[in-house]
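Undergrad: Build out the structure end to end from the sequences listed, making use of the hints.
Protein sequence lines, in the order shown, are assigned to chains E and U. To convert, note that position 178 of the first sequence is 189 in the working numbering; the numbers rise steadily by one, no gaps. To convert, note that position 300 of the second sequence is 857 in the working numbering; the numbers rise steadily by one, no gaps.
Here chain E is said to cover these stretches of chain U; the calculated rule only asks that three of the stretch's residues, wherever they fall, bring their Cβ under 8 angstroms from a Cβ of chain E:
1) 726-737
2) 750-757
3) 774-781
4) 802-813
No wet-lab data here; the hints were simulated from the structure. Please read all numbers here as calculations on a predicted model, not as lab measurements. Just so it is clear, CB atoms sit at the ideal spot from N, CA and C, and this is done for glycine as well.
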Amino acid sequence: MNKRVSKVFLVDDHPLVREWLTTLLNHLADLQVCGEASGAEKALEGMRATQPDIAIIDLALPEGSGLALIKSIKAEFPGIAVVVLSMHDERFYAERAFRAGARGYVMKGESTSSIAAAIRDVLAGNLYLSPRMHTVFAERFAEGDLASLHAPVKKLSDRELEVFRLLGQGYETRRVAQSLNVSIKTVQAYCARIKEKLQLANASELLREAIRWNDAQSAG
Amino acid sequence: MTNWTRYLDRQSRPRMAVAAILLALCIGEFDYTTGTLISLSAFYLLPVSLAAWFVGTGFALFTAALCVAVWMAGNMVAGDASFASPFLIAWNGSVQFASFVVVVLVLVKLRNLNRELESRVRDRAAALTREIAERERLQHMLLEASEQEQRRIGQDLHDGLGQHLAGTAIAGQVLREKLERRQLQEASDAKKVVELIEEGVSLTRRSVKGLHPVDLTAEGLMLALEEFAATTTRLFDVNCCFICELPVLIHSAATAEHLFRIAQEGTRNAVQHGGARNIVIELNTLEEGHELRVEDDGSGIPSVPPATGGMGLRIMAHRARMIGASFRIANRAGGGTSVICQLPVAIEDRLAS
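TA: Following this line, the structure appears as structure tokens:
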């Protein structure tokens with residue numbers, strides 16, 4: 012293995028985590044910590060100076076959220092891969108982190124021994140997820156949830172698509188009803204049909220799907 | 558006070574003054590037509606009393622004088638023999654007037670006492686209302702403070718202890734790798750230590766979840782209830798499901814947390830006291846607002862509430878009141894309990910803005 016050493020940048024507001032993470036990674040032949048920061052502002056400055064290959068980011072930062080930082084990194088340094096290392100529950104935050112541009116998600120204190128593996132995986136161009144999240148994502152895919160990103164939305168009628176679009180824009184159900192000039196019962200009927208067509212289990216999945224679709228629309 | 562006196566009290570003073578004068582004149586006219594043999598002098602007390610009670614002392618004395626004048630004029634025109642001498646006129650008039658004055662003074666005194674009493678009752682009622690409001694506010698603050706404290710402890714656990722343990726786990730991992738590199742057997746002990754610390758992190762996470770269950774986003778309540786239903790099913794060997802047809806976004810974190818706690822308490826009652834097998838937590842959007850329902854197939858609410866218990870019910874009702882929601886708990890027709898909490902749309906909009 013005569014690969015070049017990859018530069019890692021750490022962003023975490025907890026000094027103990029930064030210190031030991033540095034020790035852990037510097038002991039590995041192929042990784043070298045090139046800089047660290049406790050907040051978003053300093054992180055971007057540091058990355059400009061050190062040009063790392065990969066950044067390890069905590070989602071809870073004293074100033075600004077980690078998700079916003081990921082988006083800034085993606086905007087300014089598209090070449091830097093991002094792995095999230097956070098106390099936050101991956102079931103709620105992994106998807107958001109991936110949507111913001113992260114390529115890996117490791118829960119702090121869950122699988123300490125796999126941090127290095129996650130970094131190497133992401134450096135190799137793969138996505139890194141815990142086995143549990145692999146299952147969750149795969150299940151969603153099997154249920155047609157991820158697949159629905161593309162084709163199945165076409166199955167929706169114009170009116171259903173309108174409801175779906177408004178939900179994705181963060182409209183309250185009541186406001187959806189108001190802006191389409193229909194009753195809540197009618198919106199409920201539309202939602203039931205959307206859930207059936209897109210094979211979504213419940214309202215929160217419907218909402219997540221609508222937001223994701225909306226994000227994808229505005230991004231593309 | 559009877560209804561008609563309250564009605565008269567509401568009339569304006571000039572209107573009552575005119576009524577008193579008209580009444581005096583009417584009685585005078587009647588007095589004149591009935592002749593002098595039948596004395597109607599006591600009837601003049603009516604306009605005098607009206608004036609004293611509803612208008613004022615000065616006007617009441619004027620009315621008294623007017624009544625005496627009308628009464629004497631009537632008798633004089635009717636040609637009463639007793640009005641032959643000016644002395645008798647003055648005497649009879651004065652006696653009549655004096656008796657009216659006494660009545661006026663007594664009535665005015667009585668009226669003032671009555672008004673004072675009424676205003677005192679009003680003051681006391683207002684003070685009581687203020688006191689009740691103050692007590693509600695204190696209860697609110699107490700609950701809020703205890704919840705804030707919980708959130709703070711949760712935050713501390715999450716950001717302090719959790720992060721510290723996570724850092725320690727990484728330190729342990731460093732040690733493990735060093736030992737492994739030297740191919741020492743102690744590496745497996747180090748591995749064990751890392752796993753123990755990781756268990757500590759997961760315990761911390763679970764405590765945080767208990768202290769601060771609802772994520773601070775608008776869809777947090779849906780996610781929290783979904784997870785709560787799954788956890789309840791797993792831990793208590795019951796079938797607890799969460800039904801939510803339409804996305805429900807609650808923009809106030811405090812409101813979301815109260816609704817979650819109501820659902821939690823309702824479910825706990827169903828499991829612990831009702832012996833329920835099936836529990837349904839529902840979050841609905843209605844025309845008039847959002848509705849949270851917890852329904853079970855347990856034994857229902859006991860007809861005699863436990864002497865020391867019932868705290869949970871009261872706190873649920875209190876939480877509902879605090880967020881401006883209605884709260885109802887009842888036995889279901891087919892057995893079991895239903896807890897219904899409705900959050901009117903107006904209140905939610907106010908909180909959202």
